[in-house]
Every structure is written in C-alpha cells, then in structure tokens.
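Below are the chains, spelled out letter by letter.
There are 2 protein chains.
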Amino acid sequence: MQCRKALEEASGDFDKAVVILRKRGAEVAAKKADRALGAGIVSSYIHSTGTVGSIIELYCETDFVSGNEEFKKLAYDIAMHIVASNPEFLKPEDITEETKNLAKEVFMKEVEGKPVAMKEKILEGKLQAYFGERVLLNQPFIKNPEMTVKALVDDAIQKFGEKIEIGRFVRFSIKR
Amino acid sequence: MQCRKALEEASGDFDKAVVILRKRGAEVAAKKADRALGAGIVSSYIHSTGTVGSIIELYCETDFVSGNEEFKKLAYDIAMHIVASNPEFLKPEDITEETKNLAKEVFMKEVEGKPVAMKEKILEGKLQAYFGERVLLNQPFIKNPEMTVKALVDDAIQKFGEKIEIGRFVRFSIKR
Chain H
1 MQCRKALEEA SGDFDKAVVI LRKRGAEVAA KKADRALGAG IVSSYIHSTG TVGSIIELYC
61 ETDFVSGNEE FKKLAYDIAM HIVASNPEFL KPEDITEETK NLAKEVFMKE VEGKPVAMKE
121 KILEGKLQAY FGERVLLNQP FIKNPEMTVK ALVDDAIQKF GEKIEIGRFV RFSIKR
Chain R
1 MQCRKALEEA SGDFDKAVVI LRKRGAEVAA KKADRALGAG IVSSYIHSTG TVGSIIELYC
61 ETDFVSGNEE FKKLAYDIAM HIVASNPEFL KPEDITEETK NLAKEVFMKE VEGKPVAMKE
121 KILEGKLQAY FGERVLLNQP FIKNPEMTVK ALVDDAIQKF GEKIEIGRFV RFSIKR
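Sequence order for the protein chains is H and R. Each residue of the first sequence is one higher than the one before, counting from 1 in our numbering. Each residue of the second sequence is one higher than the one before, counting from 1 in our numbering.
By construction, these hints were calculated from the structure, which means they are not laboratory data. Be aware that one or more of the hints could be misleading.
Taking lysine-lysine and the BS3-like style, the derived pairs with C-alpha atoms no more than 30 Å apart in a straight line are [to be verified]:
1) R:72 - H:143
2) R:73 - H:72
3) H:175 - R:143
4) H:175 - R:73
5) R:175 - H:150
6) R:150 - R:121
7) H:119 - H:100
8) R:163 - H:175
9) H:73 - H:32
10) R:32 - R:143
11) R:175 - H:163
12) R:175 - H:143
13) H:114 - H:126
14) R:32 - H:175
15) R:175 - H:32
16) H:31 - H:159
17) H:114 - H:100
18) H:175 - R:159
19) R:175 - H:91
20) R:72 - R:31
21) H:72 - R:72
22) H:73 - H:16
Selected chain H positions facing chain R (in silico; Cβ < 8 Å) [unchecked claim]:
23) 41
24) 57
25) 174
Just the calculated beta-carbon pair ranges, DEER-fashion [as the list claims (entries may be wrong)]:
26) H:128 - R:167: 27 to 35 Å
27) R:114 - H:170: 40 to 48 Å
28) H:84 - R:121: 49 to 57 Å
29) R:49 - H:86: 26 to 34 Å
30) H:72 - R:170: 18 to 26 Å
Note that the structure is predicted; figures quoted are calculated from it, not measured. No residue lacks a Cβ here, since even glycine has one placed at the ideal position from N, Cα and C.
Let's have the full structure, built from the sequences with the hints guiding it.
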C-alpha cells in the first residue's frame, strides 16, 4: 500500500518512490521520537570463526513488537552489521570533544602547507569522512549498502508503528 | 588418572581429593601465568526471554584449544553465568579506588556508633562481602556453586594444559 502510493506520487519512477518512502520513514520516526521505550531485546552475533562477535540492545515501545520475529531479525541483522563494519559510535553526538581534537591534530599535519583559506574546509571534510565511517547510524547497511543503518531503523519504525532505537552495543574481537 | 592419584593421596576421602585437585589446579594455573594468550573465542548467551544477554572473550594459547568443543562450552557456560550472576568486575584489582571510596562512605554510616576499635574491622568485612559478590572470578559458579568461577577456569587450565583467561565481558539487560 505505502509502496504503491509512493510510486504513484513519483509518477512511476521507482528510484524516486524509494526516496519518497525513505523521507516518509524519517518523518514517521521523528514524530515518534518522544514516545517511551518500554520494551526491547538483547541480540548477539558471533562470526563463524568464533573470534569476533557483538551484542546489542534494540528498544521499542511494547512487548507486542519486541516479541515479533521480524523485530528479532532486525536486531540480529544490526548485530551482524556491527561485526562486519566495526562502528565506534552510535550517533555523531557520541563522539567526544577529546576524540575530535585528537583526530583534528592528526589531520592538521596533513593539511600543512595548504592555502590558509582552504585549510579549514579540507580539515572539516577529512573529519567528516573519518567519523562518518565510524558512526553506526551513518554506515551503509552491510546487507543492503544502498541504505544506512538509520534508514533501516526508520523503515522498521514505519513498519511497526512504534519508536525503535538501538541502545548500547559492543563488539569483541580476539587480539592475536 | 589425575583423579585417581589425588584420591590415593587423600587415602580414599573424596572431599579431600577434590581439595587436592583444586590446589593442584591453582598451582598449574600459576605456573602457566607467563605464557602468551595467542588464541581464543568470543561467546555469547541470550536468556530465553530475550531481554538479557552477555558476551565474553575467553583466551587460550593455541587454536588447537580454542577450536575444542569443551573450550567452547566453557566460554558459553561463563557467558550464561554472567547473565545469571551479574558481576561488575573480573578480578578484585579491577575495582577502582573511586568505587571503593564510594562504598566506604556508604558503609561508614552503617558502622557509626560502633566502638572505634571494631569500626575498621566491621567496615573491612562489609566491603569484602559487598565486592566479593560483584567479582566474577570470586562468584560461585552458577552450574556448580561448590566451586568459584576461578576454580572452573583453573580446572580447564589443568585439563587443556594451556593458560586460559577471561578477557572482556559485558552484560546487557533491557531497562523498563
């Protein structure tokens, strides 16, 4: 239903319809932002080698959704994504000033000698690329790189009609 | 073999034999303390409710041991134990001074009015009980409360003939 409506709005253009659906997903997600996360599940993924694995919390509003098989699959998929893509932060706001300053120092050396007017811009670009790759919600989803993990969660919010949020996560890997 | 020898030493007394074996296990563990942990596995346990789970690293020396089914079972059992017993620290040394001082402050109020000579002793006892319960290696193993988690690991060290150590661990539980 949702799909067909978006496709009509986009006058038959499938790619446009996807954009419309995604935008709508983000809007639905924003609307539900204030609702309470009263339920959820803990899910884990261990790679077949047994030497790397992750565990995550995925929150929703009710046990009705947290008990749903598709919700469980979403949690499992995100855990698998974390094993594959090794994010350090959940969202950009989680990057501390200290970490930012440390990265800035490193990149500052790389832009030495560039014209002063461009320095700040290049630096900003480098920082965005560096941290963009390390933020879970911004990462391209491992099973469908066309969408980010945030879009994946937004899709689920639209589908289940409940606020859904990733809580804590960790990834362990055996050091050799 | 090991068991029979210990039983003979203990002149047939089974309980004594267990003590002898455990002591020997700790000795073997101490001897292997300097060897390198070059292998290991990541293991997780999610409770059937889906709302609480844990993930751990279990290190050993070689892939020969890390690939062993009994070693995998040990890792899984420890992950399950963590879900059940909710430890905060791996070993006593992991308790920070800050946490200790905070607990001391709380207990200080509880011993107010006690004779000065006894105060320090009661306080020490309270702190030991409080932190003893929160240290993974000191906790009674959930599947066999007769032994601590440390004794469980020491037994495995003796059995596999390799240094074995629990690495990082976390436990997630959905807050409602």
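Report task. Please name the hints from earlier in the document that this structure breaks, with their numbers sorted from lowest to highest. Result -> none
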